[in-house]
Every structure is written in structure tokens, then in C-alpha cells.
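Letter by letter, the sequence shown follows residues 142 to 997 of our numbering.
It is possible that some hints are incorrect.
[What the hints assert, rightly or not] Below 20 Å or equal to it, Euclidean Cα-Cα: the simulated EDC-like pairs (lysine to aspartate or glutamate) are:
1) K260 / E463
2) K210 / E199
3) K874 / E890
4) K391 / D545
5) K527 / D564
6) K377 / D357
7) K585 / D186
8) K713 / D186
9) K772 / E496
10) K377 / E600
11) K841 / D823
12) K261 / D564
13) K391 / D594
14) K772 / E322
15) K304 / E716
16) K527 / E496
17) K816 / E783
18) K772 / E729
19) K695 / D685
20) K395 / E592
21) K213 / E202
Don't read these hints as lab results, they were simulated from the structure. None of the values given here were measured: they were computed from a predicted structure.
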Amino acid sequence: MSKHLVIVESPAKGKTIEKYLGPDYQVLASYGHVRDLVPKEGAVDPEDGFRMKYDIIERSEKQIEAIAKALKKSDDLILATDPDREGEAISWHLHEVLRERGLLENRDVHRVVFHEITKKAIQEAIEHPRDLAQPLIDAQQARRALDYLVGFNLSPLLWRKIKRGLSAGRVQSPALRMIAERENEIEAFVAREYWTLDALTERQGQSFTARLTHLDGNKLDQFDLNSTELAHDAQKRLTDAASGELRVAKVEKKQRRRNPAAPFTTSTLQQEASRKLGFTASRTMRTAQQLYEGIDLGSGAIGLITYMRTDSVALAGEAIAEIRGLIEERYGANNVPDSPRQYKTKSKNAQEAHEAIRPTSVRHVPNEIRDRLSSDQARLYDLIWKRTVACQMIHATFDTVAADLVPGETRHQFRATGSTLVDPGFIAVYQEGRDDTQDDDEDKRLPEMAEGDSVKLNEVTADQHFTEPPPRYTEASLVKTLEEYGIGRPSTYASIISTLQSREYVEMDGKRFIPTDTGRIVNSFLTQHFDRYVDYDFTAKLEDELDAISRGEKDWVPVLEAFWGDFRDRVKEKEENVTRAEAVQSRELGPDPQSGRPVSVRLGRFGPIVQIGTKDDEEKPRFAGLLPGQKMDKVTLEEALELFKLPRDLGETPEGEPVMVNIGRFGPYVKYGSKYASLGPDDDVWTIELPRALEVVAEKKKKDAERFIKSFDAEGIQVLNGRYGPYVTDGNKNAKIPKETDPKSLTLEQCQELIAAAPERKGRGRKGATKSTGKTTAKSSSKAEGKTASKTSAKSTAKSTSAKKPATKKKATASKTGAKKTTAKKTPAKKSSTAKSAGAGDNRLSAEPSGDRGSE
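The whole structure should be built from the sequences, with the hints applied where relevant.
Here is the structure:
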């Protein structure tokens with residue numbers, strides 16, 4: 142039997158570790174968390190010292206049984222979950238489960254952490270075990286309790302005051318506020334005109350450009366030339382004064398150094414992978430997890446990078462020595478600094494990890510192992526390897542030249558600048574990605590010039606410009622801003638972003654975030670009524686307090702008590718005093734020409750809607766859902782009235798079935814009799830006529846015939862051809878047909894047996910999401926399509942893919958006046974009937990392969 146039982150989070154990592162430890166060790170995976178708060182109110186009891194009620198996660202029961210069985214045959218237990226507070230909490234939960242079962246009596250329990258999955262690191266960790274770190278456990282419990290309390294109290298309030306299915310989170314909500322406030326800035330932005338004047342010059346056969354900096358001896362500000370008249374007047378004066386040449390009044394030569402960026406933290410890795418590779422935060426973390434857990438390079442799996450959840454920029458001494466040695470071999474001794482570069486972490490907490498993200502060995506050169514990696518793994522590893530090597534190289538050196546050029550004997554002045562890369566240093570390996578408003582260093586050479594020289598002036602150009610609004614957030618810039626404000630922690634960013642998208646609070650315009658109507662209403666409600674709890678400084682200070690708990694500097698219960706009292710009172714006060722009408726902003730568009738009743742736009746049960754009439758009218762109001770691209774604050778009366786022209790009756794099929802077109806939650810469709818067919822991307826629901834609709838119907842019938850094998854109509858069972866082969870379905874369960882069986886020969890009894898043996902369909906949502914979201918399911922939606930125009934249109938959501946989207950706005954870059962930095966003095970998953978997910982908070986990152994891991 143194995144003498145030692147080791148528990149890690151991921152089975153992939155476990156196999157590698159077991160190989161390194163040898164036959165005396167058995168390694169099993171917990172697959173992330175094994176316990177969570179019970180899915181009902183009262184899981185956290187503020188009246189009893191915030192006592193938390195945990196229950197084993199259903200999917201973890203089988204694994205716990207395997208761990209318990211293995212432990213009975215082992216001498217001791219080694220808890221080796223990931224090296225952060227979430228990993229510490231996972232170990233503690235497992236410890237408590239096993240202790241309650243009496244399996245830890247007469248057995249030692251050790252805690253070890255692996256910062257990298259290499260033989261040396263694993264063996265050293267096993268030789269230096271420690272006890273479970275209670276401060277880290279307390280910090281994770283405090284965070285879990287906070288997220289639960291916010292979710293279980295704010296989300297139901299949003300349901301009652303706005304609409305069901307909404308949620309609010311302690312960390313996610315400030316992130317939503319950032320996106321919404323940036324959109325407000327963009328909409329409020331007023332462009333300002335300004336002009337720049339350039340001299341197109343030439344000397345010794347080399348052309349170059351100089352920018353006007355002084356006019357009549359006065360230094361020009363951005364808006365001094367703010368009209369066509371002023372610009373053209375200055376252009377003429379300069380041209381006349383120059384008489385075809387400029388005099389070199391002054392030449393300045395300097396040497397500038399640029400140092401390499403620090404090695405990656407979780408945040409900077411996510412930002413750089415977004416800028417350079419186009420990866421989302423979730424994709425970056427998923428790929429980094431694979432590189433950390435181990436890749437088979439030919440002689441078994443080995444971890445290629447150190448632990449990927451960290452905000453430390455420090456590097457181990459032995460790693461630095463190896464990097465410097467490689468630089469000398471590959472790039473020359475002249476590229477190795479006299480002393481190692483040391484980087485200091487700004488964060489007090491540094492995420493409990495000892496190092497930055499780096500290769501476990503820079504001797505694993507990207508090009509030499511590329512064929513062992515997937516495309517994503519190769520690209521991300523290459524990024525990490527280059528950044529790590531570059532951070533220990535010498536600076537890059539530039540020669541810069543600035544020349545002041547004067548027309549005639551005036552006090553006007555142009556300036557030409559040039560920059561020449563003299564020694565690339567670290568740039569030979571890696572150059573950091575730049576923000577939208579920054580330019581990479583380029584070789585911009587100027588000809589040799591000395592004071593008193595003449596330069597030929599070919600032309601003075603005048604160019605008109607307008608300031609542009611600040612750019613919308615990308616994943617990279619949002620992560621950077623969250624980090625700057627101290628909101629969230631490295632491993633929460635991906636979860637924050639994915640939750641904002643899954644809740645449909647934001648949508649993407651290219652790679653940039655735009656708040657949806659629902660997102661803006663939720664943000665407006667929270668900033669108006671819970672301003673303190675979406676305040677950036679307040680959220681950051683609470684994060685600092687959680688960090689202090691993890692360092693053992695504060696007790697977790699007083700921190701929760703200080704938060705809970707005011708928050709509970711605020712929720713109660715808003716519950717009693719805020720009406721739904723005040724929370725759901727509506728906008729009146731004008732009167733309906735036919736009925737004279739008011740037309741308004743508001744947020745309905747299924748999303749943004751237009752409404753004709755009011756609930757107080759004798760005739761019931763009519764409703765229609767907005768189309769994709771239409772916004773509540775932008776839609777006009779004319780556009781709103783168009784929405785009520787659906788459904789359109791087109792006539793009949795040759796068999797006498799009525800034909801109509803409409804837009805449903807899955808897009809535009811044609812209905813013939815009681816059946817449906819989706820319209821194509823080139824079909825316009827407003828203009829399509831019967832002949833084209835009948836073509837769509839014929840295509841649908843042909844596909845259905847190809848798909849159909851046989852049916853037992855009385856029992857509601859069909860045998861069909863599917864994407865992965867033939868199958869049997871009763872509408873609720875699908876059953877694969879064995880390869881050796883001819884689908885056409887199946888009897889009713891055989892079909893029933895196959896369906897009975899088939900597994901139940903699993904929900905598609907991640908843990909914490911509910912099956913009931915306030916929207917119709919595919920099945921119920923289909924039934925609803927045939928109803929009246931008002932009801933059907935109300936269910937047409939912004940997911941409709943057929944309607945034309947508005948033109949994408951021009952890529953914006955912040956100007957001197959346009960860019961205002963947002964200053965300031967996460968949403969739980971949707972709640973089911975048991976309110977299970979309202980308390981789920983920001984502590985899950987479902988995309989990670991190691992299991993149900995999440996926030997720090």
C-alpha cells in the first residue's frame with residue numbers, strides 16, 4: 142500500500158507529480174472545491190458570528206469517496222492544492238470533511254505547495270511541509286461570505302425593482318460601473334476642432350517633417366489654431382516668411398535609455414496576451430494552467446511555467462542565474478547587465494506566491510519545443526519566455542535629435558525630431574505591447590544639421606483634426622484599470638469579465654465593451670441607491686482588508702460586521718422606499734398616430750421593449766421588443782412604430798397553410814402552418830414576399846426529409862439523422878443508436894429501451910447558473926412564435942441575429958481633451974427558486990481545467 146496520500150486539484154498535474162515522487166506516494170485530485178455553502182438562505186448567519194453552513198458539492202462526492210478509501214490505506218495525508226488562499230481553502234475543506242468522518246485519527250496531515258511542476262521543486266516541497274495557514278483560510282471564507290451576503294440580498298432586490306434574472310456582485314458591479322461611465326463619457330463628448338501645421342523639408346537629399354511649435358514667439362497650445370481661417374492665415378504667413386527655406390536655429394542631441402518590462406504577473410500576462418495574441422482573459426488563464434500543470438516533451442510531462450496566479454514580479458536567484466547564462470550564450474556577454482535586475486512588487490500581498498510567471502527553465506526554448514505544444518500553448522509560452530529573458534537583458538539605447546527651424550528673421554518656430562536605435566539590448570528579444578495612445582519607438586532619422594544651416598522648405602501643410610472621445614475598454618485596458626484601482630485580484634479578472642458577458646450586461650463591439658440597456662439600468666440603480674458599494678475606493682479598501690486577514694493582521698469576523706450592518710440597513714430601506722417605476726427608467730417617445738396613446742421604451746421581462754399605451758388604459762398595452770443594435774436611449778418614435786408591423790402575413794403555401802414572417806428570440810423566421818423555418822442572412826423580414834418565403838419553406842422541408850428516418854407518432858418518438866449520426870429522441874432525451882443496428886429496423890420497444898437507458902440531459906450553464914433565467918426556452922419559444930404580434934415581438938431580444946447592426950464607430954483614441962480618467966472618490970450567478978446562485982458571488986472561474994476554482 143502507499144505510505145503517503147497526496148491531494149492536488151488537477152488530475153493532469155497529479156499524474157506528473159506521482160511520477161516524480163515514486164511508488165511510496167499515491168496522488169489523487171480533488172477537482173477543485175469539494176464543499177460549498179448550502180444553496181439556500183441562512184448559509185451565512187450574521188447573527189451567529191457569520192457561521193457558515195457547508196455541504197459537499199454533488200459532483201465531488203465520488204471523488205471524496207475515492208480519497209477516503211485511499212486514505213485508509215495510507216500513513217499520512219499531504220494536502221498539495223494550489224499555492225494561494227483559494228488552494229488553502231480547498232485543502233481545509235477537504236481536511237474538515239475527512240476529519241468529520243474520523244479518517245484523520247492517528248494520521249499526520251501536512252500542507253505543501255508546488256510553485257512549479259518540476260522534479261526538483263516537487264521534491265523540495267515534500268521535504269519542507271507546513272501546517273494549514275489559518276489566515277489564508279479565513280480570508281477566503283470572508284470573501285465567500287461577503288459575496289454570498291451581497292448576492293442573496295441585492296439580487297432579489299433587483300428582481301423586484303427591475304426584472305427577474307438580474308444579479309449584482311461585490312466586485313463585478315464596480316467593473317460594470319467603469320464600462321457604463323466610460324460610455325456616458327463617450328456620449329457626452331463634444332468634439333473640438335484644432336489644426337496642426339507642418340513643414341515638409343529637405344536637406345542633403347533626405348526629406349523630413351517639422352511641426353510648428355511657436356507662432357510669433359508664442360508657444361502653441363492644442364486649440365490656438367481652431368478654425369480654417371486661423372490655420373490658413375498662419376500657413377500663408379509662414380510660407381511667405383520662409384521664402385523657400387528654413388534656418389537651423391538650434392540642434393539638441395541626447396542619448397536615451399529604455400529599460401525592459403518586469404516579468405509577468407497574472408494581470409500583465411492577461412493584458413499582454415490580449416494585446417499581442419488576441420486572447421481573452423479566460424483563454425489566457427486556461428492555457429497558462431495547461432503550461433503550469435505539465436506538457437510531455439518526450440520523456441514525460443513537465444511543468445513549463447511557474448504558478449500563474451500571482452502579482453509578484455520577483456524571480457528566484459537560481460532562475461536569474463540560468464537566464465543570464467542563456468543570454469550570454471545566445472545574445473552575447475555584452476547583453477548581460479553587470480548585476481541582475483531586481484524587480485519589486487507593488488502589492489503588499491503579492492498573491493501569496495513567491496515569484497512572477499516565468500519558464501521553469503529558459504533552456505526550454507520555444508522554437509525547440511513548439512511541435513509538442515498546441516497553437517495556444519506555443520504562442521503563450523513564447524510570450525512568457527521572451528518577456529522573462531528580456532527582463533534580465535541590458536537596456537535599449539536610442540540617439541535622439543531635435544532641431545528648431547525658423548523661417549527668415551521671424552519668431553515663428555518649427556521642431557523636427559528624430560530617434561535612432563543604437564543598441565537594441567532587450568528589444569532584440571522582446572518589446573512590450575503598447576496602448577492605443579502610444580507609439581512604438583521607430584527609427585526616424587534626421588539628416589546631419591548644425592546651427593546656422595539652411596534647410597529647403599517644400600511646403601507648409603495645414604491639417605484639420607477633431608478631438609476624439611476616450612476609447613471603450615478592451616479586456617486589456619479593463620484589467621489594467623481594475624488593477625490600478627485595487628479592485629479584485631489576479632484570478633478574479635477573467636471571472637468578472639465572463640460574468641458581465643453571461644449576464645448580458647455588456648456586449649462586444651470588436652474587442653471593446655459596450656454596456657447593454659440592461660447593464661446600464663442595473664448600474665444606474667446601484668450607483669443611485671448603493672453608491673457606497675460600487676464606489677471604487679470602498680471596494681479597493683475592502684480588498685485590502687481581505688488581504689490583511691490573509692496576512693494574519695486582522696480577524697475576519699469584525700471586517701464582516703463592519704460591512705454587514707450598513708449594507709443590511711441600506712437593502713431594507715430601498716426595499717421599502719423604492720418603487721419599480723423609479724428603478725426601471727422609461728422614456729416617452731410620443732403619441733401613436735393611430736390610437737393617440739403614448740409610446741414609450743422601457744425594460745421588460747424579456748429585455749428592452751417599446752410599449753403603446755399604459756396599464757391604466759381600458760385597452761391593454763401593446764409591446765414589441767427592440768431589435769439588435771437598437772438602444773433604449775436612442776430609438777426614435779418612427780423606429781419604434783415599425784416594430785409593431787410584425788408579424789407579416791404573406792399568404793398560403795400550395796397546401797393551404799398560412800405563411801407569416803416574424804422575429805423570435807433565435808432570429809427572423811417564416812412560419813408555415815404550425816412549423817417554422819429560419820430566414821437566411823440576406824432575407825429582410827420587413828420586405829420578404831411569399832415566393833421567397835416558400836423557397837425557405839421548401840429548403841426546410843428538404844432538410845427535414847433528409848434528417849427523418851422513421852417515427853412512432855402516437856408515442857412521440859422519432860428516429861433521426863443527427864450531426865453525430867442517427868439517434869432516437871422523445872423530445873426530452875436523446876439516445877445514440879449502436880453502430881451495428883440499422884436505424885430503419887428499430888421497433889417501438891427497442892426505441893423505448895434505448896431512451897430509458899440514455900442519460901438525462903445536463904444543463905449547459907456553469908455551476909451557480911440556474912435553468913430559469915426569466916427567458917423562454919427553445920421549446921417554449923417555438924410555441925410562442927405563433928402568438929400575436931405584440932406578445933411575440935416582446936420576446937424578440939437583442940440576440941436576434943438577422944437585423945442589421947449599426948455602423949461600428951471609428952476606433953477612438955483619447956486626445957488631450959477627450960480622455961478623462963475615471964476617478965472615484967461581481968455579479969453572483971442568477972438565482973433559482975432556492976436562491977442558490979445569488980450567493981455564488983465572484984468565486985468561480987469555470988473555464989479553468991483544474992476544477993471549480995475562482996477568486997482570490
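Against the structure, the hints come out as follows:
1. Of the pairs offered as hints, the one joining K260 and E463 holds, with about 17 Å between alpha carbons and a cut-off of 20 Å not exceeded.
2. A threshold of 20 Å between alpha carbons decides the hint, and for K210 with E199 the separation of about 18 Å falls inside it, so the pair holds.
3. Of the supplied pair hints, the one linking K874 and E890 holds, its CA atoms being roughly 16 Å apart against a limit of 20 Å.
4. Taken as a hint, the K391 and D545 pair is honoured in the structure, with Cα atoms around 5 Å apart against an allowance of 20 Å.
5. About 18 Å separates the Cα atoms of K527 and D564, which keeps this hinted pair within 20 Å; it holds.
6. Distance check on the hinted pair: K377 and D357 sit about 14 Å apart at the alpha-carbon level, within 20 Å; holds.
7. Restraint check for K585 and D186: not satisfied, since their Cα atoms lie roughly 66 Å apart, outside the 20 Å limit.
8. For the hint linking K713 to D186, the alpha-carbon distance of about 17 Å falls within 20 Å, and the restraint holds.
9. Distance hint between K772 and E496 is unfulfilled; the C-alpha atoms sit about 46 Å from each other, more than 20 Å.
10. At most 20 Å may separate the alpha-carbon atoms for a hinted pair to count; K377 and E600 meet this at roughly 11 Å.
11. Among the hinted pairs, K841 with D823 is consistent with the structure: their alpha-carbon atoms are about 16 Å apart, no more than 20 Å.
12. As the CA atoms of K261 and D564 are separated by approximately 38 Å, the hinted pair breaks the 20 Å bound.
13. Pair hint K391 plus D594 holds up; C-alpha atoms about 10 Å apart against a cutoff of 20 Å.
14. A threshold of 20 Å between alpha carbons decides the hint, and for K772 with E322 the separation of about 16 Å falls inside it, so the pair holds.
15. Between the alpha carbons of K304 and E716 the distance comes to roughly 14 Å, so the proposed pair stays at or under 20 Å and holds.
16. Taken as a hint, the K527 and E496 pair is honoured in the structure, with Cα atoms around 17 Å apart against an allowance of 20 Å.
17. With a C-alpha separation of about 25 Å, the suggested pairing of K816 with E783 is violated against the 20 Å cut-off.
18. A hinted pair counts as satisfied when its Cα atoms are at most 20 Å apart, and K772 with E729 qualifies at roughly 14 Å.
19. As the CA atoms of K695 and D685 are separated by approximately 11 Å, the hinted pair is consistent with the 20 Å bound.
20. As the CA atoms of K395 and E592 are separated by approximately 16 Å, the hinted pair is consistent with the 20 Å bound.
21. Annotation: proposed proximity of K213 to E202 holds, straight-line Cα distance about 17 Å (limit 20 Å).
Hints 7, 9, 12, 17 from the list above are not met by this structure, while the remaining hints are.
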